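> Residue-level listing of the chains:
2 protein chains.
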Amino acid sequence: MKLEVVFSPASLGPHEAAGRAVFVIDVLRATTTICAALHHGARAVIPVSTAEEATRLSQTLGPEDVVLAGERGSERIPGFALGNSPLEMVESAVRGKTLVMTTTNGTRALLGTQGASEVYVAAGVNLAVAGARAFELGRERKDVLILCAGRESRFALEDAYAAGRLVFEALGRRRTRKGLNDEAIVAVDLVRRYGRGWERPFALSAAGRQLTRLGMANDVAEAGRENAYPVLPLFHERRITAVPGAASVTLP
Amino acid sequence: MKLEVVFSPASLGPHEAAGRAVFVIDVLRATTTICAALHHGARAVIPVSTAEEATRLSQTLGPEDVVLAGERGSERIPGFALGNSPLEMVESAVRGKTLVMTTTNGTRALLGTQGASEVYVAAGVNLAVAGARAFELGRERKDVLILCAGRESRFALEDAYAAGRLVFEALGRRRTRKGLNDEAIVAVDLVRRYGRGWERPFALSAAGRQLTRLGMANDVAEAGRENAYPVLPLFHERRITAVPGAASVTLP
Numbered sequence: 074m075k076l077e078v079v080f081s082p083a084s085l086g087p088h089e090a091a092g093r094a095v096f097v098i099d100v101l102r103a104t105t106t107i108c109a110a111l112h113h114g115a116r117a118v119i120p121v122s123t124a125e126e127a128t129r130l131s132q133t134l135g136p137e138d139v140v141l142a143g144e145r146g147s148e149r150i151p152g153f154a155l156g157n158s159p160l161e162m163v164e165s166a167v168r169g170k171t172l173v174m175t176t177t178n179g180t181r182a183l184l185g186t187q188g189a190s191e192v193y194v195a196a197g198v199n200l201a202v203a204g205a206r207a208f209e210l211g212r213e214r215k216d217v218l219i220l221c222a223g224r225e226s227r228f229a230l231e232d233a234y235a236a237g238r239l240v241f242e243a244l245g246r247r248r249t250r251k252g253l254n255d256e257a258i259v260a261v262d263l264v265r266r267y268g269r270g271w272e273r274p275f276a277l278s279a280a281g282r283q284l285t286r287l288g289m290a291n292d293v294a295e296a297g298r299e300n301a302y303p304v305l306p307l308f309h310e311r312r313i314t315a316v317p318g319a320a321s322v323t324l325p
Numbered sequence: 074m075k076l077e078v079v080f081s082p083a084s085l086g087p088h089e090a091a092g093r094a095v096f097v098i099d100v101l102r103a104t105t106t107i108c109a110a111l112h113h114g115a116r117a118v119i120p121v122s123t124a125e126e127a128t129r130l131s132q133t134l135g136p137e138d139v140v141l142a143g144e145r146g147s148e149r150i151p152g153f154a155l156g157n158s159p160l161e162m163v164e165s166a167v168r169g170k171t172l173v174m175t176t177t178n179g180t181r182a183l184l185g186t187q188g189a190s191e192v193y194v195a196a197g198v199n200l201a202v203a204g205a206r207a208f209e210l211g212r213e214r215k216d217v218l219i220l221c222a223g224r225e226s227r228f229a230l231e232d233a234y235a236a237g238r239l240v241f242e243a244l245g246r247r248r249t250r251k252g253l254n255d256e257a258i259v260a261v262d263l264v265r266r267y268g269r270g271w272e273r274p275f276a277l278s279a280a281g282r283q284l285t286r287l288g289m290a291n292d293v294a295e296a297g298r299e300n301a302y303p304v305l306p307l308f309h310e311r312r313i314t315a316v317p318g319a320a321s322v323t324l325p
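Note that the protein sequences, when read in sequence, are chains A and B. Everything in the first sequence is counted per my numbering, starting at 74 for the first residue and increasing by one. Everything in the second sequence is counted per my numbering, starting at 74 for the first residue and increasing by one.
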């Protein structure tokens, strides 16, 4: 069984996700935000590439049940009801709604997983639930790929750290490097270096520093609230929905 | 002054190298091999993309002064005099010769540096000399980009470690994270984790394990002989040549 990490969708070969279970991570902020939305009762999140596509899709689906969400350059897209902040995903805004969402990096990573056997969304806020599923996949001897969204096709420290946390969860009590690729080994090294707190990797990362500079330090803090949104989002047939009962299995 | 690392040419934006001093690292094995060749008297190394291009160029240049070198899948290309092993680059094979060389990853990285103000070749075997130049560039307030060749457009542990070693050399006594990108921070973390010895990162890396499996453990050991080939290879107008006097400046 392979347990591999890829630091950026740009490094993913065209058929590399094929047949594998994939966990997509964009911890600052898209995958954190998706967990928050589903935890607070959103029916589904549909990731799309462009703002135009989001607008078109919302017209097709019928505007009463749809909320547009997304950012460019970390800021809410003009005309969209929501940006890409987990703190915006409160019940009153999202319950029963379908979010059509477009973000700079997270969306690209999600849409780059064609051919995967199953695709989950992971972040710090659902680490234990996502980790439990990854662990289970390992017991079933299935190959797992953890795909970091990164930043504009590059490595992002906070995603690599989150990937390392997920590798630890996936390994459980096994302490082996067997099946890990170079990226997974380094992601684990980052966890050994920074420990179990999200503050340090967030504070050092370019993404964390940029969000803080833009006045979004609360979003960064929210992304570090480990297991605050214990949902398991599954990306299937273009929609992300919460797997029913996934939280209760892992958080007794 | 920026001091940035990029883990793979696939992550490099089209104009990202423009105007910067770039150090290309492919420590297992292309940049190690280039240092060995120049140290042992090769006149120049010309990196090209394909075996066909290498053959064509050697016919143009005149076969008496040219030696073909390169690998595919770590093995010597059929019909080529040399492979991609630093141990092949002995004086009797290379002195006075121009090597036309093609390798899977290192060549791609070198050819991806268009627009850079200057391009150097770095490895463990010329760490001090390359580091001295990087340090000097920092004093001149020039931006430095360390480009890892990686493996088939992906992250490679041994190159990231080597990049971390070069960052340390470039910083000298400065102990600052200012100007470092996420990759540079992680590369430095790897040096803190693995220390000053090349054995551990080589033994853990997919490239190191593959070469050992193929019976090339001696090449891996050679790549870890720090400062064994104290040359500063400069890539300029398609040719890599040793900067005269660079070694004597840094190794008194």
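In short, the hints are calculated from the structure, not lab data. Since we're looking at a predicted model, the values are computed, not measured. Check each hint, because a few of them may be wrong.
Remember, identical chains collapse to one label, so a pair may be satisfied in a single copy or spanning two.
As a list, the in silico SDA-like pairs of lysine to any residue whose alpha-carbon atoms are at most 20 Å apart [what the hints assert, rightly or not]: (1) 251 - 286; (2) 251 - 279; (3) 251 - 282; (4) 75 - 283; (5) 251 - 276.
> Each hint needs a verdict: does it hold in this structure or not?
Do the hints match the structure? See the list:
Within a single copy, residue 251 and residue 286 get their C-alpha atoms only as close as 41 Å, which misses the 20 Å cut-off; across copies the closest is 16 Å, which meets it. Proximity of residue 251 to residue 279 under the C-alpha cut-off of 20 Å is restricted to the inter-copy arrangement: shortest distance 11 Å between copies versus 31 Å within a copy. In this homomeric assembly, residue 251 and residue 282 come within 20 Å of each other (Cα to Cα) only across copies, at 12 Å, whereas the closest approach inside a single copy is 35 Å. For the homomeric pair residue 75 and residue 283, the shortest alpha-carbon distance between copies (17 Å) is at most 20 Å, but the shortest distance inside one copy (34 Å) is not.
Within a single copy, residue 251 and residue 276 get their C-alpha atoms only as close as 31 Å, which misses the 20 Å cut-off; across copies the closest is 13 Å, which meets it.
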